[in-house]
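S.K.: Order-wise, the sequence lines are chains A and B.
Residue 1 is where the first sequence starts when you use my numbering, and the numbers rise one by one after that.
Residue 1 is where the second sequence starts when you use my numbering, and the numbers rise one by one after that.
Hints in this document: simulated from the structure, not taken from any laboratory.
Here are the simulated BS3-like cross-link-like pairs (lysine-lysine), alpha carbons at most 25 angstroms apart as the crow flies:
{"id": "1", "chain 1": "A", "residue 1": "Lys73", "chain 2": "B", "residue 2": "Lys158"}
{"id": "2", "chain 1": "A", "residue 1": "Lys190", "chain 2": "A", "residue 2": "Lys220"}
{"id": "3", "chain 1": "A", "residue 1": "Lys285", "chain 2": "A", "residue 2": "Lys143"}
{"id": "4", "chain 1": "A", "residue 1": "Lys285", "chain 2": "B", "residue 2": "Lys143"}
{"id": "5", "chain 1": "A", "residue 1": "Lys23", "chain 2": "B", "residue 2": "Lys158"}
{"id": "6", "chain 1": "A", "residue 1": "Lys23", "chain 2": "B", "residue 2": "Lys143"}
{"id": "7", "chain 1": "A", "residue 1": "Lys190", "chain 2": "B", "residue 2": "Lys54"}
{"id": "8", "chain 1": "B", "residue 1": "Lys158", "chain 2": "A", "residue 2": "Lys107"}
Keep in mind that this is a model prediction, so the values were computed, not measured.
The primary structure of each chain is shown beneath.
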Amino acid sequence: MRYAYFLGCITPLRYPGIEAATKIVLKELGVEVIELNGASCCPAPGVFGSFDLWNWLILAARNLDLAEDLDAKIVVTCNGCYGSLQEAHHLLEDVVRREAVNEVLAKIGRRYEGRTEVKHVTEVLLEDVGAEELKKRVKKPLKGLKVAVHYGCHFLKPSKIRGHGSPEAPTYLDELVELTGAESIDYLDKLMCCGAGGGVRAGRLDVALDFTLEKVRNIKRAGGDVIVTPCAFCHFQFDTGQRELMSKGLLDKPVPVAFITQLIGLAMGFSPDEMGLNDNFIPPKYLEKIS
Amino acid sequence: MALVDLLTLAEEKPELKSKVYRELLELGLSTPDYCYLCGRCSGGCTSMRLLELKPHEIAALARDGFIEELVGSEIIWACAQCLQCRERCPQGVSPVDIILKLRSIAVSRGAELPEELSKMMMSILDTGLIQEPREVVGRSGRKYTREALRLPPAPRPKDMAAFSEALMSTLEVVLGGV
Ligand code: SF4
Ligand code: SF4
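Chain A on its own, in the form it takes in the complex (with noise of 0.2 angstroms):
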């Protein structure tokens, strides 16, 4: 289980606290994590889609070669990665996009011949450490922790990529939360976008929040403690929006936000601290519940 970690902007550069506790979390569980050094945005599927698609595959392709030459898979901890790269994989199976991408590669000395494989963390939690391992790491179970999953657009479709069951009702994360003795509540429109993607949270932040808001809204109707996305820019749009909406007057109580490995490394007896929970702008006030 060797993987190198493709960072992606967000979580290094906005929420560290997610890279952290990811690391700390594969670690632990027997994972060879290394650098992807040299690896530029993903790009951001919203952002550079909207601009030319072509140039997206390619800047994806360059990122993926950069795990080829390291003769490893990659991890992503968030959506936009994950579907970024995910894709790229998917349509650079093709050998004459390859090639066509390969002819720009070129000129800065790189060729992909597609070895690579793109991986989402909770996959290698689930797939490669396993359900049942997992459970055995847990010291300090999440009992009475009522969790809120976000699992964002990305992580579910296209399906047909994805491979995480139906994309209309999937329990792929929620079986994931709860090996952590928490339990993960249903809510009003749980599948519901948390209105960052596609660029509208750049070009039109008050619809973004409008999203924001009416999900909040029901996670709190339902009594969510926590929000857990497997997301970098979810994560962000629900911790940093939420302190939008507030400064709007929009919202009066957020509900704090954690990333799924940070939930998890909890579970497994890391302080949140080593977890960077306190990095987010929302006061885990969660913690008071388990502690």
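Dock chain B with the ligands against the given chain A, drawing on the hints supplied.
M.R.: What follows is chain B with the ligands alone, placed relative to chain A:
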């Protein structure tokens, strides 16, 4: 002006339409010709809840050749790229990819990208990453930097200048064709 109003002024542009079709086919997607207006895409569209985006309308308008009108419409910037339309379409049409194509035509025409979006894009071409690192000051006044979390300095690609140049050259080919 609403899209439907624009239609009365529309003029078909077959070259533009075939360009969009060609690029969708290159991505392995069905062309809008396969759309039979079932509306499954719009039924699940994230942006239709708050805005007026209707992916089935986009597919139908593209099929009927109203590319110019779509390119000039603000509605194409409302898509959250949730991929629901692509997932749900029984015909393999992907309205979201049609929208991305329309956006890139708009950009190549010098249409103004939303400001934050173009900043991010320039940042990627410049430094490889979307933005600069920030310093987080926690509620206790402690700084949550990468160092405090015992992480190495934020990584940066080193060959970005040469790479951007290579990308730009293909861009000219791409943009020149519109
Ligand atoms: S990807 Fe865009 S058009 Fe398609 S369903 Fe989502 S928001 Fe609507
Ligand atoms: S789901 Fe597909 S076939 Fe149905 S209206 Fe949308 S694009 Fe057309």
